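> Sequence:
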Amino acid sequence: MQAKIITSIDNAKVKQLKKLQLKKYRKDMHMFVVENLAIIHDALKDGHKFEDLYMTEEFVESHIQVLDQISKKAGIKSYFQMIDKINRAFSKLDSPSGIAATYRMRDMELPLDETCIYLNGINDPGNLGTIFRSALAFNIKNIIVDSKTVDIYNAKVINAAKDSFFKLNIIEDTEGDWLKNTGLPIYTTSSHKGESLKEFKSAEKYCLVLGSEAHGVSDEIMKLATEKIKIDISKDIESLNVASAASILFYELNK
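Just so we're aligned: the sequence shown equals residues 1 to 255 in our numbering.
Everything labelled a hint here was simulated from the structure, so no lab data went into it. Each hint should be verified, as a subset may be incorrect.
DSSO-like cross-link-like pairs, simulated, lysine-lysine; straight-line CA separation at most 30 angstroms [claimed, not checked]:
{"id": "1", "residue 1": "Lys141", "residue 2": "Lys15"}
{"id": "2", "residue 1": "Lys230", "residue 2": "Lys180"}
{"id": "3", "residue 1": "Lys180", "residue 2": "Lys92"}
{"id": "4", "residue 1": "Lys77", "residue 2": "Lys180"}
{"id": "5", "residue 1": "Lys15", "residue 2": "Lys77"}
These numbers come from a predicted model, not from an experiment.
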């Protein structure tokens, strides 16, 4: 691959990368950034090609073999080479990785009659990404996120989701009426109310709602619930982290 050298943070490409760290511009440009070599590589295996590739010289030198595979699979002959200062200037990661790729957002459709997860106000990027990974691990590929949930294209969400990000069907319920129109049974969770997960008999296909870390499932959604379920936990602890609870629920409901 031939390197196109970028030396200034005022470069038009760098300005674009900085804008793509903000939800508003991601929506406007219909693009997002991935800053993880493994995710970029795995996405290519599944047929998801990037628009542009950016790397530091040090990153290239330490990842020659895998980058050669990526260039051949993506069919690219050049990339943008940046210095560490530029990588730090646009990255939202605590420790910039040395690589970034831009992607077009996918227009995804959700099968109306398939089991799905509805996420209500999940604020923590790490929790959201972990929920994505757990859902895929238990063969749940359809995810709906409401407008109160952190943006799915947030860099920390993508890094936590890893290879699951490009393998899931994820849509945004911007109007807030998806649950009102689904024909699936709706299961909501509560720390202290509802039927014990140990005793609960799930339908073959359903929609499971997971609520925010701080407030749980909203009262409005609770009213739409077909069933309320809870995970039995020790009296010594008030509640589980939402990502931990999600993994338990996915496992038990899909036995």
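> Does each hint fit the structure? Answer for all of them.
Cross-check of the supplied hints:
| no. | hint | in the structure |
| --- | --- | --- |
| 1 | Lys141 / Lys15 | violated (34 angstroms) |
| 2 | Lys230 / Lys180 | holds (22 angstroms) |
| 3 | Lys180 / Lys92 | violated (36 angstroms) |
| 4 | Lys77 / Lys180 | violated (49 angstroms) |
| 5 | Lys15 / Lys77 | holds (23 angstroms) |
Checked against the numbered hints above, the structure breaks hints 1, 3 and 4 and satisfies the rest.
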